[in-house]
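Visitor: These are the residues of each chain, in order.
There are 6 protein chains.
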Amino acid sequence: MFYHDRRLQYKVRVDKPNPAFAKMLQQAIGGIEGEIRVCLQYLFQAWGSRGPVKYKNMLLETGTEEIGHIEMLATAVALNLEGATNSLKDEIVGSNPVVGAVMGGMDPRHFLSSGLAAMATDSNGVPFNGSWVVGSGNIAADMHANVMAESTGRVLATRLWEATDDHGMKDMLAFLIARDTMHQNQWLAVLEELGGATNNHPIPNSFPQAEENQQFNYSFVTTNIFKDQEAYGRWAEGPSIDGKGTFSMVPGEPMGDIPILPPPAPEGHAQTEQMTGAAGGLMDKIKNAL
Amino acid sequence: MFYHDRRLQYKVRVDKPNPAFAKMLQQAIGGIEGEIRVCLQYLFQAWGSRGPVKYKNMLLETGTEEIGHIEMLATAVALNLEGATNSLKDEIVGSNPVVGAVMGGMDPRHFLSSGLAAMATDSNGVPFNGSWVVGSGNIAADMHANVMAESTGRVLATRLWEATDDHGMKDMLAFLIARDTMHQNQWLAVLEELGGATNNHPIPNSFPQAEENQQFNYSFVTTNIFKDQEAYGRWAEGPSIDGKGTFSMVPGEPMGDIPILPPPAPEGHAQTEQMTGAAGGLMDKIKNAL
Amino acid sequence: MFYHDRRLQYKVRVDKPNPAFAKMLQQAIGGIEGEIRVCLQYLFQAWGSRGPVKYKNMLLETGTEEIGHIEMLATAVALNLEGATNSLKDEIVGSNPVVGAVMGGMDPRHFLSSGLAAMATDSNGVPFNGSWVVGSGNIAADMHANVMAESTGRVLATRLWEATDDHGMKDMLAFLIARDTMHQNQWLAVLEELGGATNNHPIPNSFPQAEENQQFNYSFVTTNIFKDQEAYGRWAEGPSIDGKGTFSMVPGEPMGDIPILPPPAPEGHAQTEQMTGAAGGLMDKIKNAL
Amino acid sequence: MFYHDRRLQYKVRVDKPNPAFAKMLQQAIGGIEGEIRVCLQYLFQAWGSRGPVKYKNMLLETGTEEIGHIEMLATAVALNLEGATNSLKDEIVGSNPVVGAVMGGMDPRHFLSSGLAAMATDSNGVPFNGSWVVGSGNIAADMHANVMAESTGRVLATRLWEATDDHGMKDMLAFLIARDTMHQNQWLAVLEELGGATNNHPIPNSFPQAEENQQFNYSFVTTNIFKDQEAYGRWAEGPSIDGKGTFSMVPGEPMGDIPILPPPAPEGHAQTEQMTGAAGGLMDKIKNAL
Amino acid sequence: MFYHDRRLQYKVRVDKPNPAFAKMLQQAIGGIEGEIRVCLQYLFQAWGSRGPVKYKNMLLETGTEEIGHIEMLATAVALNLEGATNSLKDEIVGSNPVVGAVMGGMDPRHFLSSGLAAMATDSNGVPFNGSWVVGSGNIAADMHANVMAESTGRVLATRLWEATDDHGMKDMLAFLIARDTMHQNQWLAVLEELGGATNNHPIPNSFPQAEENQQFNYSFVTTNIFKDQEAYGRWAEGPSIDGKGTFSMVPGEPMGDIPILPPPAPEGHAQTEQMTGAAGGLMDKIKNAL
Amino acid sequence: MFYHDRRLQYKVRVDKPNPAFAKMLQQAIGGIEGEIRVCLQYLFQAWGSRGPVKYKNMLLETGTEEIGHIEMLATAVALNLEGATNSLKDEIVGSNPVVGAVMGGMDPRHFLSSGLAAMATDSNGVPFNGSWVVGSGNIAADMHANVMAESTGRVLATRLWEATDDHGMKDMLAFLIARDTMHQNQWLAVLEELGGATNNHPIPNSFPQAEENQQFNYSFVTTNIFKDQEAYGRWAEGPSIDGKGTFSMVPGEPMGDIPILPPPAPEGHAQTEQMTGAAGGLMDKIKNAL
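Chains as they are written, first to last, in my numbering: chain A, 39 to 328; chain B, 39 to 328; chain C, 39 to 328; chain D, 39 to 328; chain E, 39 to 328; chain F, 39 to 328.
If you're looking for bench data, these hints aren't it; they were derived computationally from the structure.
Bear in mind that the values here come from a model prediction, so they are computed numbers and not experimental data.
Take these hints with a grain of salt, some might be off.
If several chains are the same, the list does not tell them apart, and a pair holds so long as it fits within one copy or across any two.
Unchecked claim - Quick list of in silico lysine to any residue cross-link-like pairs, SDA-like style, CA-CA up to 20 Å:
| # | residue 1 | residue 2 |
| --- | --- | --- |
| 1 | LYS92 | ARG45 |
| 2 | LYS282 | GLY234 |
| 3 | LYS92 | PRO300 |
| 4 | LYS49 | ILE296 |
| 5 | LYS282 | GLU230 |
| 6 | LYS282 | ARG272 |
| 7 | LYS49 | PRO300 |
| 8 | LYS92 | GLY234 |
| 9 | LYS49 | VAL288 |
| 10 | LYS49 | GLY294 |
| 11 | LYS49 | GLU291 |
| 12 | LYS208 | ASP295 |
| 13 | LYS54 | LYS208 |
| 14 | LYS54 | ILE298 |
| 15 | LYS282 | THR236 |
| 16 | LYS92 | THR314 |
| 17 | LYS282 | SER244 |
| 18 | LYS282 | SER257 |
| 19 | LYS282 | ASN237 |
| 20 | LYS282 | THR310 |
The task is simple: from the sequences and hints, build the whole structure.
Guide: The structure is reproduced here in structure tokens:
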């Protein structure tokens, strides 16, 4: 179960409120790279964790920390919206197309829907989507999902850092950027503890690899119509990263047939023209058309 | 630009059509772990690629290959749906609650909407969502997104492999599982070529790390109310994985204040009770309440 | 900021795992009536709270409690999925349409995507959607949103209680039902403290009511083509609930004109037939057609 | 069944077209607080109504009225978009970043997709979502959903009223604000007729309250780590609003165990490291780690 | 504005309630082929109609009729759900995996969320989505959208007709199928009145066709890698349907360059490896890699 | 399976980068009228095609071509974003509301999420949605879906053409507009080859038309409360377009009863007031209320 302290994990200060920056900060709250996603992702991974308990414990720790990050960002959004509507009346009211456009930099729902507060949406007002909460039940896959989340999250935070010179905001972002540094390392540390790439991959490592197709499991397939070598790199020769194969480069070639489906079922009511051949020469016509 | 061959990349054969398995296969088409996602993800990463061209080239190769995987799976869905409606009429028609339930194993839209063909949805009929297509413009973040996609994708494929004993389906899945093995290795190879964890992390490596908060960038923050050590592991001591810090474990403590927002703006029409204090003792009352 | 205890707020015990019930429980996690919604709703309302601090404090308390309810339900889902795949192989594998349908009662993604764990989705696998998190900045509107959430939430919980005879599940649900009782009362208590219906309504009470149309603010408009009295009730006569008007019943009548829009702008490329009249008799033709 | 009159329920006049205001009006059409939602919500509640017919009749009346409100707002959007593209060519064409930004105040899809007409989306272009249409089958829960919808709807309408000084728009909004006043009162009147809070709550009132947990149904649980009294209010002492209990305030305490899930099922292909312990000392290790 | 009659447009009778069929009927309510879509589509097209008023009038007529079709189907869903929960308790309660699966044929939200009534969702419980409401402002494009909607709608209705032998349901569906026949013809009649294919196409017919690329406006481009003639048909030779060109078949060939984007902007924080070349030999390396 | 050539199908050149135009172009990528939709729609129709193989072949050709159109537009977006962030720092940083608004013309996620590259979203940042991919299994319905897609697509492209005077962009759009001309004609050619309107309609033509309601299949139902003739047109008299009936105009009249649903099932926990009548006089009261 969970507890709270009314104080923030780290101080949030806005020197010059900026509603356009409030809109941008929403990406870090309700966007796919944002804090609601990592918060729920780590908590759901913890709650569904099977196997060594230490990982469940750790996921619970960090998932809980992330709730406080949503809180910090939601506070930052509200503070950046202070005074946002002062100009609203004068400007929109005037139906002046230029000043009316000023509103363009603000999320209109920050005024209309939330009354100058954060929402569970991204910087375009697109709502948070639960499909982004990845927990596969395979801990190595999940750790990669987490590294990915913290990598795109840190990229986002550094871009927000570039987009402001408000000292308070830069300080808060510098803290969040630091936490992303730690969390990237943290999930990588689990992968190391689990044996690193040579032990973990191919994920899942519990599937008997002999059952996979042995001809194409370490081949870089090129689909370039000229079949030249321009995509040559580490992935095209030498031992595979998981140490279980040797990379090769092969031209893409069809190994399957042209797939021809049977005529439609009558009760599905395709057009008659799709079915009439069925009781006659359709298959012949099909053959002729190949 | 793109070309096609009417033949499939690999043969698709269904020995015993199974509409419930058709429904499960949809997860590998339109689900977040599925082939539409990786196809569009690699192609969008290629089309937005900046920097060394070899990575763009490679992404284009594999993104193109993935179109053919959607094609294989869509064909497999259609073949598994053959004959699905034979029983429909007798059974549903009878309004027999038991046999009616047989339909439960099939996606009703496979009959109602697509006429026994694949759709751009997951195994619950939830449509594919473009938000899953991740391309951050940072190649290391993107490679982690790709490793993650192929890891959850291979986990999915092995579970589908377990869920069928149709020889044709097992053979097709063994091919797709092999391709996921290659693709996991391929994205890891890029990360290795870019210098491995010590060079890549923290992602983005182009942000001056001196600007991030130096106190919390390698600290595991524990939010456990008892502050005991149960979450101890590789992430809590020793050098960080990126080689730029030393892990420590610190108890979570609030460093910020209790955030109190100013009273609402009048034109936002909060309740009067939220605003009256503003012209009088609200801030006093607030202070008292703290 | 937030803390956790690894123990659950209330015990979660499943006597007989039931994957179909696991699917049904998802509605209470990621559905619109579920716990992710109320958790985020109360927390976002707290973080954006303006005005008396006591309400912010209270929202923070209960929002934090709800995280623990998601945790309980996620645990319940995982426990109900124990053994779910034992039958999978024998049954699906057999391509037997009847037993294959058994899978119909289970969410296929509980096996394919999460590996027998809860997800951030509803009972049909539709992802949680951030648009459900309502915080308007008006405390009375928000309290009504919260009463509504706890009312539909308690209805859901009682239906789940009816759908199981597992003693562990019934006990857990009886706890959650009790918490919903409290939370309904809690939000109603705020509304009472704010002055009850006569003070709160019409929400927002800060809008000068003289500005609203005075002719239709307490009239029940009937759109029944026969204009009879079948919709007669408390809302059609007597003092209004907010004490500021008197209910009346009036027949719906159009007070506006037939809206005719100007011809389309040329650069919008409507069909020529929509525009040609513009430079000639279109408005005449329009008038004739009225 | 339904009929129409080509005239509007109330006059819609725009003195000075303003495409930025057209964008804001979309929130009242396709947003969660908007008219499509209440229209479909009341109609679906009517169509699914069970019990006294008078409520069904009334819901049908008001649901039908709301179709006409969508119509009014859609007309208002189209009128506000008149002339919106006059400046488009000169400005965008010039690739001038400042004037280009003028477009920012307009929804680009109002030009690109609809040709200067309203769409079924909110003010950020996010499509209307059917999940917002709440009808629980419990009339008291539904009435609270309706009060909530009209409360957030009236808050929205007053904010739109503040954001314009167009006389025509202010007049139309004053009408819609008045209708929201009536509708708030109307749903409250049903709740009063059903017996008020003491009879209605806890909703559903048909669940035998003896079956809910008796220890926590009227307790305010505080999760504040300091367990102080800052969240004290009406909800923490005295009789409950439903008259069936007495409020108390209790500190949050875990009553459940630490939930430990069994090892993963083999066919789910977790990593081997999650499973190996299963056939050996994992449970021992787990115990040690607790 | 709108009115209603409490009677249905056509009788709705269910002889043998069938919850699985209730689930299937949802596709015709909230699915992309369903009645909410056409209802809102025709009404939004009417409300945004510019040009000859007769089309606006007609769209308003049929849009209004469709509200009554949603009503009929919502009634049919409720009637099919009668008694659905009688078996629920005995069966689910028993935790019997086979009978538990019976629930699979029913939408669990029909019990859990709506209390045995219709919802604004499709047959998989996916909510109606406002993006399906197409109104382009071009009447010919809109008429094609409408023909398409009524065509997929009639296909759906005939499949539902096949899936039941309930006389009441078959009768209701036979009515709806007939209306779809009329509506297909109705939108085609507008297209005929507007001059038929030769006048309407290419849509929009108001764009000066001389401005489009003259080399590829009537060429069937084949992307088949073998460039053979297997896709030969009416579209590959002879006059074009719009009478303004002559069909030809040409092999797909790239006419553009290999697109190479400049190095990333520094403030976007790509990886250093993507940028370092920029200040040195990257463009050279790029050239070499081509 | 699929192949690629690194060169574009047609040249993409941007003379003056314009981030606001980049945002508008997104509609043609990830919007409902955009290229991802048609690409996946034609490919899914091909992969699910049953009946004459020539149509499958053709769909595969054009679906493959469309991948290259996404590629062209994604390239155009990236080129229009060049330099977009130069002004970002100076301007946003300054918290100047006017220059801050400049950002309003740009999609913030083009900087924050993608690092100046295209995304799988529309011009408001709403993600592509797989529900837009229509393939019904009925070839005539599908061809209408395709004509509609290319009609709204060409309307969109001509509007984009109007919104820019960049020569490169106009040239690219002129190419895409030409392809839409061809594709409209192409799908119409299939419809002609299948026999034209008189053979194709009503779609599906395989449903025995004698089974549909014979009284209302060619009647224009007017819902206008005055029942006047304002909606008179080609659809109201003369032979139907499909040649199988005669248009007539009839006033809308209810032919069904007032639908009264039975009282709620006890386990659904409606309010007691909805159920008590059931064991007494409710049905009487209902009758009285009618």
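Visitor: State for each hint whether it applies.
Guide: So, going through the hints one by one against the coordinates:
1. In this assembly of identical chains, LYS92 and ARG45 lie within 20 Å of each other by CA distance solely across copies; the values are 15 Å between and 28 Å within a copy.
2. In this homomeric assembly, LYS282 and GLY234 come within 20 Å of each other (Cα to Cα) both inside a single copy, at 13 Å, and across copies, at 19 Å.
3. In the homo-oligomer, the alpha carbons of LYS92 and PRO300 lie at most 20 Å apart only across protomers (14 Å), although the nearest pairing inside one protomer, at 53 Å, exceeds that limit.
4. In this homomeric assembly, LYS49 and ILE296 come within 20 Å of each other (Cα to Cα) only across copies, at 9 Å, whereas the closest approach inside a single copy is 63 Å.
5. For a Cα distance limit of 20 Å, the shortest separation of LYS282 from GLU230 qualifies both inside one copy, at 18 Å, and across copies, at 16 Å.
6. Proximity of LYS282 to ARG272 under the C-alpha cut-off of 20 Å is restricted to the intra-copy arrangement: shortest distance 15 Å within a copy versus 26 Å between copies.
7. Taking identical chains as interchangeable, the C-alpha atoms of LYS49 and PRO300 lie at most 20 Å apart only when they sit on different chains, with a minimum of 17 Å there against 66 Å within one chain.
8. Taking CA atoms no more than 20 Å apart as the test, LYS92 paired with GLY234 passes inside one copy only; the shortest distance there is 18 Å, against 26 Å between copies.
9. Taking identical chains as interchangeable, the C-alpha atoms of LYS49 and VAL288 lie at most 20 Å apart only when they sit on different chains, with a minimum of 18 Å there against 55 Å within one chain.
10. Proximity of LYS49 and GLY294 under a CA criterion of 20 Å is satisfied inter-copy only: 4 Å between copies versus 61 Å inside one chain copy.
11. Taking the closest pair of Cα atoms, LYS49 and GLU291 come within 20 Å of each other only across two copies (12 Å); inside a single copy the shortest separation is 59 Å, beyond that limit.
12. Proximity of LYS208 and ASP295 under a CA criterion of 20 Å is satisfied inter-copy only: 17 Å between copies versus 59 Å inside one chain copy.
13. With identical chains, the CA atoms of LYS54 and LYS208 are at most 20 Å apart within one copy only, with a shortest distance of 12 Å there and 32 Å across copies.
14. In this homomeric assembly, LYS54 and ILE298 come within 20 Å of each other (Cα to Cα) only across copies, at 17 Å, whereas the closest approach inside a single copy is 65 Å.
15. Taking CA atoms no more than 20 Å apart as the test, LYS282 paired with THR236 passes inside one copy only; the shortest distance there is 8 Å, against 23 Å between copies.
16. In this assembly of identical chains, LYS92 and THR314 lie within 20 Å of each other by CA distance solely across copies; the values are 15 Å between and 64 Å within a copy.
17. Within a single copy, LYS282 and SER244 get their C-alpha atoms as close as 14 Å, which meets the 20 Å cut-off; across copies the closest is 33 Å, which misses it.
18. In the homo-oligomer, the alpha carbons of LYS282 and SER257 lie at most 20 Å apart inside one protomer (13 Å), although the nearest pairing across protomers, at 35 Å, exceeds that limit.
19. In the homo-oligomer, the alpha carbons of LYS282 and ASN237 lie at most 20 Å apart inside one protomer (10 Å), although the nearest pairing across protomers, at 24 Å, exceeds that limit.
20. Taking CA atoms no more than 20 Å apart as the test, LYS282 paired with THR310 passes between copies only; the shortest distance there is 16 Å, against 54 Å inside one copy.
Figure legend: structure checked against the earlier numbered hints; every hint is met.
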